[in-house]
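A.B. asks: Chain by chain, the residues:
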Amino acid sequence: MTALLQTHALTAFYGDAQALFGIDFEVHQGEMVAIIGANGAGKSTFMKALTGLVSTQRQQISWKGQAIGGLAPSDIVKRGIALVPEGRRLFPSLNVEENLLMGASAGRKGEWNLQRVFELFPILKEKRLQPSTSLSGGQQQMVAIGRALMSNPAVLLCDELSLGLAPIVIKEIYAAMPLICAQGMTAVIVEQDVSKAKEVSSRLYCFQEGQVSLHGTSSSLTQEQISKAYFGMPDAHAAVGGDA
Amino acid sequence: MDMLLQTVLQGALLGGLYCLFALGLSLMYGVMRLTNTAQGDFILLGSFTAIAVIAGLKILAPENMWLPLLLSPLLLIVAFGFGYVLQRQVLNKVLGKDPLPSLVVTFGLSIVIQNLLLEVFSADPRSIESAGLNTASLQIPGGITLGVLPVLILFLAITTTFGLQWMFNHTALGRGFRAVSDDLEIAQLMGLNAKRLYAYATGIAFMLITMAGVLQGMRTTVSPSDGPMLLLFAFEAVIIGGMGSFWGTLAGALLLGMTQQIGFRFDPGWGIWFGHIVFLLLLLVRPQGLFPKTVG
Chain E
1 MTALLQTHAL TAFYGDAQAL FGIDFEVHQG EMVAIIGANG AGKSTFMKAL TGLVSTQRQQ
61 ISWKGQAIGG LAPSDIVKRG IALVPEGRRL FPSLNVEENL LMGASAGRKG EWNLQRVFEL
121 FPILKEKRLQ PSTSLSGGQQ QMVAIGRALM SNPAVLLCDE LSLGLAPIVI KEIYAAMPLI
181 CAQGMTAVIV EQDVSKAKEV SSRLYCFQEG QVSLHGTSSS LTQEQISKAY FGMPDAHAAV
241 GGDA
Chain V
1 MDMLLQTVLQ GALLGGLYCL FALGLSLMYG VMRLTNTAQG DFILLGSFTA IAVIAGLKIL
61 APENMWLPLL LSPLLLIVAF GFGYVLQRQV LNKVLGKDPL PSLVVTFGLS IVIQNLLLEV
121 FSADPRSIES AGLNTASLQI PGGITLGVLP VLILFLAITT TFGLQWMFNH TALGRGFRAV
181 SDDLEIAQLM GLNAKRLYAY ATGIAFMLIT MAGVLQGMRT TVSPSDGPML LLFAFEAVII
241 GGMGSFWGTL AGALLLGMTQ QIGFRFDPGW GIWFGHIVFL LLLLVRPQGL FPKTVG
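Protein chains in written order, with the numbering used here: chain E, 1 to 244; chain V, 1 to 296.
No lab work stands behind these hints: they were computed from the structure. You may find that some hints are simply not true.
20 Å max Cα-Cα, derived SDA-like pairs, lysine to any residue [what the hints assert, rightly or not]:
(1) Lys228/E x Gln208/E
(2) Lys196/E x Asn152/E
(3) Lys78/E x Leu197/V
(4) Lys78/E x Lys195/V
(5) Lys293/V x Lys196/E
(6) Lys93/V x Lys198/E
(7) Lys198/E x Val169/E
(8) Lys195/V x Asp75/E
(9) Lys97/V x Ser55/E
(10) Lys195/V x Gln208/E
(11) Lys93/V x Ser74/E
(12) Lys195/V x Ala72/E
(13) Lys125/E x His170/V
(14) Lys93/V x Ser55/E
Which bits of chain E does chain V cover? Going by a derived footprint, with three or more residues having C-beta under 8 Å, they are [said to hold, decoys possible]:
(15) 67-80
(16) 96-104
Each residue gets a CB set at the ideal place from its N, CA and C atoms; glycine is no exception.
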């Protein structure tokens, strides 16, 4: 079975500095894969490379067996890869509904539309005509997720969904994930909270200094293995699960 | 009192023209942060194109004086196409985080156009014949007389401003313009083609520019060296109003027009200088302009 999305020794730069040093990664249809790693491990650059925001070599990323590395972001989203960017990055001069509609710009057909997003996050329907900036952090995150879903992606990439949110809000956001994936959506989530990442994913990658330091089935990885891969120290038991 | 009212009204009418000078600049800056320093010269290019077309029509169809009016929508379509191609072939290539390349290119275009017009049309001031429209006037109560053409120009300025703002707020194209203006990276991530959107914006800006050029040519005389002065008025209107807001641009243009008119009332040499003074004072007191919208 070929992977849906795959990288081959992916290298990429963050500004002038090299951030990724040969990442081999794959995700299969219907899978939920988590990526963990400390700040600066290259997780966000990886997400940007997958979506074309950071340039890479053509052969380094393949989508359904086709080389797509370094294509324009607008080409990549049309193929079915959508990103919920770190820090949400809603359009401040657009209201909630307009932000969601922007997600549909790629013109992909599918089950996701305004109606479905409002069913998933009813609060957004109530606030649909409000400026996106007037929403709480959690609600803004819902808009960002909804906006990505509006493109009817085959793979949903989520970069740090829980960043800056209260634990109760994070719980609410993650509660939506099974609903999103119910129809066989494939998802890749970047998450700083290791226990959360383990809990929601079937497989897990740990990045360290731009390389994959560990990967495997989430349930089979031990805390010890993870903390070693996360911090690069053999003796970091205590720190596992922290928000590094 | 009537004198003051008359002055303010004349100023508002002048401001209507400045608004049309400025809307294209405001649009291009708002959507892509590009400052078109050739704005004034493009306005003149519009005026002189109209002058040349009318002269040509006079030879081809001397008895049909309504033909130019009938052809003016065609001129606007050509202007849109010109702007679209200019953006696609030239300006898109110099846009980026650094504002300098696009400034240099539009500055270069300004010099090229100015000299081209000088070469083709000589330095003589010319105007566009409007079959008496430019001298027609109407009496309003209070013994005040207003020119028909300036009133028409102000009306066009207000409707154009309204139309642009409506398009920005209520259409998919306007939503796209706001999105690329807000966050280019994310807009592209959503599948928007920013370069094409920029070309649409410039196309629309050139329709406005051409309209301004034709009306300027009808209202007064134009000469190839007028460009920088027109640019200055457009700049002042946009900056007084605040970047990125069309209603702001209209307000800024009206304020500039009125200020100049009041200055003219004191001394014919003071009008434009008065406008600059008020502009500078406003920059000191409220550098973001009256109604700023665009950030960064």
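A.B. asks: Compare the structure with each hint and give your call.
C.D. replies: Here is how each hint holds up against the structure:
no., hint, result
1, Lys228/E x Gln208/E, "holds (10 Å)"
2, Lys196/E x Asn152/E, "violated (25 Å)"
3, Lys78/E x Leu197/V, "holds (17 Å)"
4, Lys78/E x Lys195/V, "holds (17 Å)"
5, Lys293/V x Lys196/E, "violated (40 Å)"
6, Lys93/V x Lys198/E, "violated (46 Å)"
7, Lys198/E x Val169/E, "holds (19 Å)"
8, Lys195/V x Asp75/E, "holds (14 Å)"
9, Lys97/V x Ser55/E, "holds (17 Å)"
10, Lys195/V x Gln208/E, "violated (37 Å)"
11, Lys93/V x Ser74/E, "holds (18 Å)"
12, Lys195/V x Ala72/E, "holds (12 Å)"
13, Lys125/E x His170/V, "holds (19 Å)"
14, Lys93/V x Ser55/E, "holds (18 Å)"
15, 67-80, "holds (count 5)"
16, 96-104, "holds (count 4)"
Hint compliance for this structure: hints 2, 5, 6 and 10 are broken, all remaining hints hold.
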